[in-house]
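Required output: the full structure, derived from the provided sequences and hints.
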Amino acid sequence: MKPTLKKIYDWVDERLELQDLIKFMAKKYVPVHSHSIWYYFGGVSLFLFTIQVVTGILLLMYYKGSEELAFESIQFIMSKVAFGWLIRSLHSWTANLFILTAMIHMFSVFFEKAYRKPRELTWLTGMLMLFLLLGFGFTGYLLPWNELAFFATKVGTEITGVVPIVGKPILQFMRGGDDVTGATLSRLFGFHVAVLPGIFTLLLGAHLLFVNRQGMSEPLHYAETPEKDRKTMPFFPNFLLRDLLFWLIVLNVLAILAVFFPWELGTKADPFASAPAGIKPEWYFLFMFQTLKYIPAQIWFIDGEVLGVLAFGAAGFLWLMVPFWDRQSSAGESKRFVNYIGLFVVMYIILFTIIGWLA
Amino acid sequence: MSDIPDPHVQQDKRDFLKFALFGGLFAWLAAVIFPVLSYLKPPKQAEVIVNSVKAGKIADFANDSGSIIKFGNKPVILIRNPQGEFKAFSAVCTHLECTVQYKKDLGMIWCACHNGKYDLNGRNVSGPPPRPLDEFRVTVQGEEVSISKKS
Amino acid sequence: MRQKYFVFKCVAASFLFFSGILIAGDQCITCHTTVVGDKPSEQFQHDIHSKKGISCADCHGGNRNMEEMEAAMNPKEGYKGVPKGDAISQTCATCHADPERMKKYGSTLPTNQWTNLQTSAHGKLSTNGKEHIAQCITCHNAHGIVPVKDPASPVYPLNVVKTCTKCHASATFMRTYNPSLPIDQGEKYRTSVHGMLNAKGDPKPAVCSSCHGSHDIRTSKDAKSSVYAVNLPGTCSKCHSNAQYMKDYKIPTNQYEKYAKSVHGTALLQKHDVGAPSCNSCHGNHGATPPGVESVSKVCGTCHALNADLFSSSPHKKAFDERKLPECETCHSNHGIVAATDSLIGVTAQAVCSRCHHENDNPKGFAAAKAMRLMVDSLSLSGSVATALVNDAEQKGMEVTEAKFKLRDARQAHLEMRTMVHAFNEAKFREVIDKGMAATALAKGEAQGAVDEYYFRRIGLGVSTLIMSLLAIALFIYIKRIEKKQAEQR
Chain A
1 MKPTLKKIYD
11 WVDERLELQD
21 LIKFMAKKYV
31 PVHSHSIWYY
41 FGGVSLFLFT
51 IQVVTGILLL
61 MYYKGSEELA
71 FESIQFIMSK
81 VAFGWLIRSL
91 HSWTANLFIL
101 TAMIHMFSVF
111 FEKAYRKPRE
121 LTWLTGMLML
131 FLLLGFGFTG
141 YLLPWNELAF
151 FATKVGTEIT
161 GVVPIVGKPI
171 LQFMRGGDDV
181 TGATLSRLFG
191 FHVAVLPGIF
201 TLLLGAHLLF
211 VNRQGMSEPL
221 HYAETPEKDR
231 KTMPFFPNFL
241 LRDLLFWLIV
251 LNVLAILAVF
261 FPWELGTKAD
271 PFASAPAGIK
281 PEWYFLFMFQ
291 TLKYIPAQIW
301 FIDGEVLGVL
311 AFGAAGFLWL
321 MVPFWDRQSS
331 AGESKRFVNY
341 IGLFVVMYII
351 LFTIIGWLA
Chain B
1 MSDIPDPHVQ
11 QDKRDFLKFA
21 LFGGLFAWLA
31 AVIFPVLSYL
41 KPPKQAEVIV
51 NSVKAGKIAD
61 FANDSGSIIK
71 FGNKPVILIR
81 NPQGEFKAFS
91 AVCTHLECTV
101 QYKKDLGMIW
111 CACHNGKYDL
121 NGRNVSGPPP
131 RPLDEFRVTV
141 QGEEVSISKK
151 S
Chain C
1 MRQKYFVFKC
11 VAASFLFFSG
21 ILIAGDQCIT
31 CHTTVVGDKP
41 SEQFQHDIHS
51 KKGISCADCH
61 GGNRNMEEME
71 AAMNPKEGYK
81 GVPKGDAISQ
91 TCATCHADPE
101 RMKKYGSTLP
111 TNQWTNLQTS
121 AHGKLSTNGK
131 EHIAQCITCH
141 NAHGIVPVKD
151 PASPVYPLNV
161 VKTCTKCHAS
171 ATFMRTYNPS
181 LPIDQGEKYR
191 TSVHGMLNAK
201 GDPKPAVCSS
211 CHGSHDIRTS
221 KDAKSSVYAV
231 NLPGTCSKCH
241 SNAQYMKDYK
251 IPTNQYEKYA
261 KSVHGTALLQ
271 KHDVGAPSCN
281 SCHGNHGATP
291 PGVESVSKVC
301 GTCHALNADL
311 FSSSPHKKAF
321 DERKLPECET
331 CHSNHGIVAA
341 TDSLIGVTAQ
351 AVCSRCHHEN
361 DNPKGFAAAK
371 AMRLMVDSLS
381 LSGSVATALV
391 NDAEQKGMEV
401 TEAKFKLRDA
411 RQAHLEMRTM
421 VHAFNEAKFR
431 EVIDKGMAAT
441 ALAKGEAQGA
451 VDEYYFRRIG
461 LGVSTLIMSL
471 LAIALFIYIK
481 RIEKKQAEQR
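Chains as they are written, first to last, in our numbering: chain A, 1 to 359; chain B, 1 to 151; chain C, 1 to 490.
Hints in this document: simulated from the structure, not taken from any laboratory.
Just so it is clear, CB atoms sit at the ideal spot from N, CA and C, and this is done for glycine as well.
One or more of the hints may lead you astray.
Unchecked claim - Cross-link-like lysine-lysine pairs, in silico, DSS-like; alpha carbons within 30 Å at most:
{"id": "1", "chain 1": "B", "residue 1": "Lys150", "chain 2": "A", "residue 2": "Lys64"}
{"id": "2", "chain 1": "A", "residue 1": "Lys80", "chain 2": "C", "residue 2": "Lys404"}
{"id": "3", "chain 1": "B", "residue 1": "Lys44", "chain 2": "A", "residue 2": "Lys80"}
{"id": "4", "chain 1": "B", "residue 1": "Lys74", "chain 2": "C", "residue 2": "Lys104"}
{"id": "5", "chain 1": "C", "residue 1": "Lys39", "chain 2": "B", "residue 2": "Lys57"}
To be verified - Cβ-Cβ distance ranges computed for the label pairs, FRET-style:
{"id": "6", "chain 1": "B", "residue 1": "Phe19", "chain 2": "A", "residue 2": "Leu220", "range": "43 to 49 Å"}
{"id": "7", "chain 1": "B", "residue 1": "Gly72", "chain 2": "A", "residue 2": "Met233", "range": "57 to 63 Å"}
{"id": "8", "chain 1": "B", "residue 1": "Gly72", "chain 2": "C", "residue 2": "Asp321", "range": "55 to 61 Å"}
Pasting the structure below:
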């Protein structure tokens, strides 16, 4: 068996010069230090993305994106299609885990200040992908057309509607009309399976290209560490195999979640029913949702909700632009102030998510 | 670690490890591919909702007879009247959900549970049924008789 | 306020004063009785209106003080002649719909008759759009009207039936308005208990108006009608639940109370299922009598036909007839009938069979009852086991539509068994039970398959977890080895 494999390998190598690629990868080194663990979260996010692509394509084989059939088709997938329950549960669980790992990845980059020069563009593409992920979550949530998703989408789109001037057109654009209807479903379905994946793939390509060109970011303190103490490991095979090991474990966790906690379907959405109590968005929107609840209805002469939405928009933008205003990081300095902001944001998100969860 | 490695043992270990690695990989691939392939295999019921079912050939149904056809998870009664025309109704009695049948001597749809009777237009004419039976559409294409939901 | 009252008093006083003078010289009645000698004027002298000082001219117009006919009955004097069509009732209503005026005559009568009549079937139906079926005089007469309590009144209880049947027994008349309405109500009524007592001169038993109302009579299909199916039990109970009113008749007064709690009563009164029987469905309406012993099963059988048929051909039929036992009622009771349960059959304390089939004097019947109950119990047990299994599978998120489809058959067999029991034939009964048992077995099989599938998933997960763990461990060792080799090489 071995000679055959070797022969095939040689045949391919002769034509594609795989040896060069391996040499290139082997030349890549991953710094080894006390925070090395965070390097794995980028990779695992990539892995989860591929799971989403595969399970998503599989779901497309049976899903029907219309008001009459969306709910029924998911029910059909869950009950009639062999392993449909597994594919659907995997897709739902992976979506949530994906956003979690992407957020961990983002915050680790933030605190390691890995966004500093020359990696501003890597940060930008990463952040845009995170926003797209939230978009995936939002659009995908409605697709089963169940009661909870229906009303959460109603509330979610309503919030965008409060933004002055552009809010109303955006709202109509997202809903495909004035209300959440079958038109909204078709629209969000289109976004979920065509528009967002397209943009996401482009950004992902750029992101990976940048990482490959620039290599792994080293922690700030490496500047003062003597060369011989800067421990590293080769990207290939050491780091890649470790990545694979981690992915394997994550896949197993996902399988366990899918079998023991199958994703619920709930009851079919009825646009004429009154909203059930305790409508909540997905957990990654909870902190914003909860904040908006606490903002008083009127601050000076501005509507409280408008202010909240605008504030979140501004905060998101500032966060996106951090490589450009945190100039000291590029000079290799760690500014306490930026760390405190980051810490505050993390605490804020965790606290409000918990409050929102318990409420 | 300080021992001089015995090349023999090393060889065995490597072989076993390689075996475990490749074996595991193939088993894993099988564990992934099997569900995916099963998923892609068309399920017994090909469509999300049963909108129509094939009842059979015209010749299968004698004049002045009725037969129960499974429509999704509900029974439907297909009636062929003495003139040879087809009609189909939900076979679920509107009283206590028994399955109705065609009673030739009465020329009516009859429920055995409480003697509910419906005429051949599905209207409840006697007995306890409070409502008429829901009607289904019958389409005859060539020799093939099929039943579909009335929209 | 006080001033107004004073003015009113003055006006009233002067009015009475003048009318007092004028009555003495009412030229209408003088002339019509002495010179013309017609019937209306003769009748009118006994009329309550005449006694209250109301003149012909009050309804017919004209001037009662003029002696000359041309002058008195001159349209210029407001003479209207004989009112026609709806104008008749409107004439009556000028006083009878006006509480102030009625009070002046010392009347305590209600004043809503005219409005009621207009909403009634009699006030709505018309052949020409202007003249409706019944006017006041249709029932009350025009001249010679006496109070309702006066036995001479056409609406006195003993006369009501005659009054109503004037039209309602006339095929030619009824054809003009409602050709499909029967015309035999009066005849039937004569045969009813109510009618027979009425004929004996007892004014208390129900007459037409007791149930249908008087001025506000609506058709029985009108949801506001007192004889609309849902309202009917309440209407009957007005008298039949009134112990005081019924005390001379020596019959119970708890029928309504029992009925309201019964399976029929809850269906009709609470669920408004108008297909459910009301009092009249068993007792008849116009010919209301308690059904006789041998006709009970015929009465119940109008709806429960299959049960009645099976019973009539069963061995019980003869036995019941011989002992003069009412057929359905013996086991199911009458007014307070509740939904039958499986516990009715058998030889336990709640069961009805053992009331006659004692273990000692009738061992064969006793054994049959016991055996049938055993079959029922095993079917229900099997059914509930199957249902539980299906629910369990469904709870586990499994696909169970097929199993549920089979459960339908089991449920149907159970219902059929409830009917088949009336044949009181063990073999026939066992057939139905076997059908049910077969269906539950199929359902159980389907459900068990689904539950197995659930565990298959767990096993599948276990296997793949094992594979992945092994692979992970192998990978881990492999990494370690590579790194060891790398360290050695360095």
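Right, here's what the structure says about each hint:
no., hint, verdict
1, Lys150(B) <-> Lys64(A), "holds (21 Å)"
2, Lys80(A) <-> Lys404(C), "holds (15 Å)"
3, Lys44(B) <-> Lys80(A), "holds (8 Å)"
4, Lys74(B) <-> Lys104(C), "violated (72 Å)"
5, Lys39(C) <-> Lys57(B), "violated (83 Å)"
6, Phe19(B) <-> Leu220(A): 43 to 49 Å, "holds (45 Å)"
7, Gly72(B) <-> Met233(A): 57 to 63 Å, "holds (59 Å)"
8, Gly72(B) <-> Asp321(C): 55 to 61 Å, "violated (50 Å)"
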